[in-house]
Amino acid sequence: MDIATLLGLILGVVFVLFAIVMKGSPLLFLDPASAFLVLGGTGAAVCVSYPLRDVLGLVGVVKNAFFYKEESIHDTIALLVRFAERARREGILALEKQMEEVTDMFLKNGIQLAVDGTEPELLRDIMETELRHLEERHKKGKSIMETFGALAPAWGMIGTLVGLILMLASIEDPDALGLGMALALITTLYGSLMANLVFTPMAGKLGMKSKQEIQIRELMIMGILSIQSGDNPRIVEQKLNSFIAPKMRRMKEER
Amino acid sequence: MDIATLLGLILGVVFVLFAIVMKGSPLLFLDPASAFLVLGGTGAAVCVSYPLRDVLGLVGVVKNAFFYKEESIHDTIALLVRFAERARREGILALEKQMEEVTDMFLKNGIQLAVDGTEPELLRDIMETELRHLEERHKKGKSIMETFGALAPAWGMIGTLVGLILMLASIEDPDALGLGMALALITTLYGSLMANLVFTPMAGKLGMKSKQEIQIRELMIMGILSIQSGDNPRIVEQKLNSFIAPKMRRMKEER
Amino acid sequence: MDIATLLGLILGVVFVLFAIVMKGSPLLFLDPASAFLVLGGTGAAVCVSYPLRDVLGLVGVVKNAFFYKEESIHDTIALLVRFAERARREGILALEKQMEEVTDMFLKNGIQLAVDGTEPELLRDIMETELRHLEERHKKGKSIMETFGALAPAWGMIGTLVGLILMLASIEDPDALGLGMALALITTLYGSLMANLVFTPMAGKLGMKSKQEIQIRELMIMGILSIQSGDNPRIVEQKLNSFIAPKMRRMKEER
Amino acid sequence: MDIATLLGLILGVVFVLFAIVMKGSPLLFLDPASAFLVLGGTGAAVCVSYPLRDVLGLVGVVKNAFFYKEESIHDTIALLVRFAERARREGILALEKQMEEVTDMFLKNGIQLAVDGTEPELLRDIMETELRHLEERHKKGKSIMETFGALAPAWGMIGTLVGLILMLASIEDPDALGLGMALALITTLYGSLMANLVFTPMAGKLGMKSKQEIQIRELMIMGILSIQSGDNPRIVEQKLNSFIAPKMRRMKEER
Amino acid sequence: MDIATLLGLILGVVFVLFAIVMKGSPLLFLDPASAFLVLGGTGAAVCVSYPLRDVLGLVGVVKNAFFYKEESIHDTIALLVRFAERARREGILALEKQMEEVTDMFLKNGIQLAVDGTEPELLRDIMETELRHLEERHKKGKSIMETFGALAPAWGMIGTLVGLILMLASIEDPDALGLGMALALITTLYGSLMANLVFTPMAGKLGMKSKQEIQIRELMIMGILSIQSGDNPRIVEQKLNSFIAPKMRRMKEER
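Protein chains in written order, with our numbering: chain U, 1 to 255; chain S, 1 to 255; chain F, 1 to 255; chain D, 1 to 255; chain C, 1 to 255.
Think of the hints as simulated: they come from the structure by calculation, not from any bench. Being a predicted model, the structure only gives us computed values, none of them experimental. Hints may contain errors.
Each pair may be met inside one copy or between any two copies, as identical chains are not told apart.
[Claimed, not checked] Heads up, simulated DSS-like pairs for lysine-lysine below, C-alpha to C-alpha not over 25 Å straight-line:
#1 211 to 97
#2 209 to 139
#3 139 to 97
#4 142 to 97
#5 108 to 209
#6 239 to 23
#7 142 to 239
#8 140 to 209
#9 209 to 23
#10 140 to 211
#11 211 to 239
#12 63 to 23
#13 142 to 23
#14 209 to 97
#15 63 to 239
#16 211 to 23
#17 239 to 108
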């Protein structure tokens, strides 16, 4: 679970509420119709921009920004080195008995393929294609999020323009002018908040997670191929260690 | 047919209309002269920017964002594997009898060339040139759409400036000031809506479709060349499968 | 002659004039001092940005956006194939007699070099250097145009700031305030129109033409080298055809 | 210590204060709630955008923009050349006695590895991985800083919108309107100042330092490898000198 | 001397002054405190962004945008060809006597190295390192200029915000409101002018000069290496001519 995403969202809303409460009533800022226009309009434009399936798939992607099992790169290396030792001693088929230790589906699949005697080239091809598709899916999720972030302020301004035009066209009552303009500006506020607190930062977070997840999967591919080729466990460890900073490496060895 | 494009456009307009109706009259927002200025000016500027032929060709391109036969990548692979089996058994000439099964013109052309005994290098060259030209055409269509999206808000602002200047130059009647400013802002609203609901999102959709269409055509080229070289149907299938995610692959095999 | 450039410019002005006439007097929008400031200031800044020679050379470049002999790629291929046939039959020296058929200076030069017996490497080097310099010149022209397009709105705003400051500093007469602000806004309108109707779109058109012109010249180089090396005319044609879409190719063959 | 960072920050604040004091009271510009909203909101959004660990690690990174021991590239070359001479005369093990001369941990580690007889390939791999991770860490720090710089003005505007809406909704007292608007604008001022004096320029400075630090470490790697392979000290010096401008080189030789 | 830089700067100021004088008094626009804030604040932020040494070195860089000896590429080629002839006839040592003909320090250094019998690889390495450092220095100068251009409008807006807040907080006297706002806008005007007349265009000019200077130095390196390897003067000329357009080449030959 990435506490920072939730924390950031809550803190952002709290800071804005705090600023509001200090000087006036937060009720003024609750305008469902405005929220409806900005969110709805932005979502509609995103539907024009991406296939429906991808837009609906965004929900699953967003989850990644909040929850994700932080796969320890150290644990993964330790596991692969253990597997390498066993495979060295008892042959690669022996790994089948240890499969329940593996929780990551990607790694499980890969080891199963190795145990099944898949050709190294084919194994690498299958795993890298899967990784490439994962990366594509991540990239698409991130870019939909960025599109949301780019369109939200524009739709906030569209709402404000609608409000301003309605207000200006009926200035019989100068007293209502202030309130009308205040309401008109609320959509711009909503659009800015959505873009600068939710969509754009979340696109950034998705990009970070994707990078992390892909790096660990690349390490898994290298590890499986190294085990399959019968490398000495020490060499497997050395190869995998090149993915992490030397400073971290030494810390691990001390343990 | 891509339902999301149409749905998004309709929803976007509905959301804006809803916001208008809740607070005033939609009639105020119907200003043909403003629409004429923004669309006309943007179109004129696009004509300065692109050859007339390409601008006129945009109509055909836009259709792609709404309608397109979703060519199933799985069906295409299945078809190519079937063809590979027949070619293996009865020789490549036997494919001529199965030509009516192929509906895609690009694939039909390619198989015809193979049946006609075209040299592999020439066949690849012809098909890749055609693909490159398709890609160029797609890119041009997308970039014209993006130009529309970049110019529409600018022309909306030009309209607002014209309106503001006219209004400010004749402030003898302060009562008319509000309405004048409201009318002036309508072009900015039009420009923003066009850019953020229609042009820019549609350019995004065109880009997505293009990527999909080109990927399936690359698969076709690989398939035809593999059949022509007399590859074993299993190998043809394996080669083509590298275009799709392993998860999808297995699903297919179960069928 | 590219009708779209002229048409776009005229239509753009007509649309703006139409919007003005519908609601007021176009005379209000004629302010030579404003035009002077925006154009002059933009031009001055472009002079700081580019060598004087390049800025003055822009006039010749702009012509390309309006007039240009649409060199038919099909005619060029046909001509080169004819030359290849003659060179095959009567030797490359025979081409000297057909030189008057060639109107394009670049092609003429290249054939002359081939006839003179220039080494293939040197010939390619000379022609590609010339092409590279042409491309550089085109790129510079386009980037000066883009600089004009980027600076014009900024100078429009500078003019508006000058006008606003002058107006605000002397608000003894509130009646003149409206007109003063109207005049101040005119420079912003001028700057926006110049950028969004003339400069930026024209930079786009220049880029399109450059791409076209360079593509046809690359085809010429390939053709001359192929003729010089004594290729079979059929092979010359096949090589050159790779520059055009297969669909176009077949159309030509039917003729 | 980089005096320019501190100097720039102080001067920037002094210039703004000076401009304020000349025309009014600086007390008006002290609004803790506004500062709280802009900084807090920006920070919250950065937390949504980056993992918490990286955001907290920014403090260490910021220090780099103020303090950093300017590692002299000349001293480093001189040291490495001295080490090369000793290693040539007395063998690489002799370097162990001179280790206390080395203050840079990266260089110390590298020499220790060489003395320990690490294989050249492994040594290079370990040091380059460490360098790559350093670069990654620098890049992340810079990009968090840039995110701060991009979000601060947006949150300044969010604060101004909140203030404007509150003010407009309660225009019973026209006298308070001016002060209300002044307060509303303060968040925009805060956001602009943070972005344009602190965050964006500091991101630039971090980038400069990173480049410098990485260049000197690349020189160290090359030097250690050259010493390890037993190169003649003159050749070591020549290799390392290619990192610095020839003009600087000659200056050194004169010394 | 590049007349266009000076001309552009003077013309830009003249155009603005002309627009001011036509409608009011230029004295209103002279506000030293505003100029102080915008320039000072921008400069302070640049100091946070770049090392002090580089910022101070900008003065020398700026000179390049005004004065620079237009090194004739034709003269350089002619000189190198003359040197090649002499070196061919009398040996490379004979060039020492002609050294006073060479005014360019870079070329002088290179020829001296060749005369001294430096190894070709080392000579190329030394000269290319020097060139790379020159390019780095040019790039840094340009990017500092661009930073000035990006920050000036931001600091102009900061000044305007300060002015607006001060004015709005003390609207007891509505008559002073106009003048206060006028003064507030002056910093925005200053910032826009600096960015759009001086900094950004000058960054462009610096980039152009750098490209030119580096191209001529690359030609020098190629020439020296060609002379050193004892190439025939005709071949030296041909090699160097590949740097200039064929059209220019022939013009030279006619002379």
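Outcome of the hint check:
In this homomeric assembly, residue 211 and residue 97 never come within 25 Å of each other (Cα to Cα): the closest approach is 31 Å inside a single copy and 43 Å across copies. For the identical chains of this complex, residue 209 and residue 139 are neighbours both inside a copy (11 Å) and across copies (16 Å), given an alpha-carbon limit of 25 Å. In the homo-oligomer, the alpha carbons of residue 139 and residue 97 never lie at most 25 Å apart, since the shortest distance is 36 Å inside one protomer and 43 Å across protomers. In this homomeric assembly, residue 142 and residue 97 never come within 25 Å of each other (Cα to Cα): the closest approach is 39 Å inside a single copy and 47 Å across copies.
Taking the shortest Cα distances, residue 108 and residue 209 sit within 25 Å of each other inside one copy (21 Å), while across copies they are farther apart (34 Å). Proximity of residue 239 and residue 23 under a CA criterion of 25 Å is satisfied in neither setting, with 60 Å inside one chain copy and 66 Å between copies. Neither within a single protomer nor between protomers do residue 142 and residue 239 lie at most 25 Å apart by alpha-carbon distance, with minima of 31 Å and 30 Å respectively. For a Cα distance limit of 25 Å, the shortest separation of residue 140 from residue 209 qualifies both inside one copy, at 14 Å, and across copies, at 14 Å.
In this assembly of identical chains, the alpha carbons of residue 209 and residue 23 never lie at most 25 Å apart, being 39 Å within a copy and 44 Å across copies at closest. Taking the shortest Cα distances, residue 140 and residue 211 sit within 25 Å of each other both inside one copy (14 Å) and across copies (13 Å). In the homo-oligomer, the alpha carbons of residue 211 and residue 239 lie at most 25 Å apart inside one protomer (20 Å), although the nearest pairing across protomers, at 28 Å, exceeds that limit. For the identical chains of this complex, residue 63 and residue 23 are neighbours neither inside a copy (35 Å) nor across copies (37 Å), given an alpha-carbon limit of 25 Å.
When the C-alpha separation of residue 142 and residue 23 is checked against a cutoff of 25 Å, the pair qualifies neither within a copy, at 37 Å, nor between copies, at 36 Å. In this assembly of identical chains, the alpha carbons of residue 209 and residue 97 never lie at most 25 Å apart, being 31 Å within a copy and 46 Å across copies at closest. When the C-alpha separation of residue 63 and residue 239 is checked against a cutoff of 25 Å, the pair qualifies neither within a copy, at 33 Å, nor between copies, at 34 Å. Taking the shortest alpha-carbon separations for residue 211 and residue 23, neither the intra-copy value of 43 Å nor the inter-copy value of 47 Å comes in at or below 25 Å.
When the C-alpha separation of residue 239 and residue 108 is checked against a cutoff of 25 Å, the pair qualifies both within a copy, at 20 Å, and between copies, at 24 Å.
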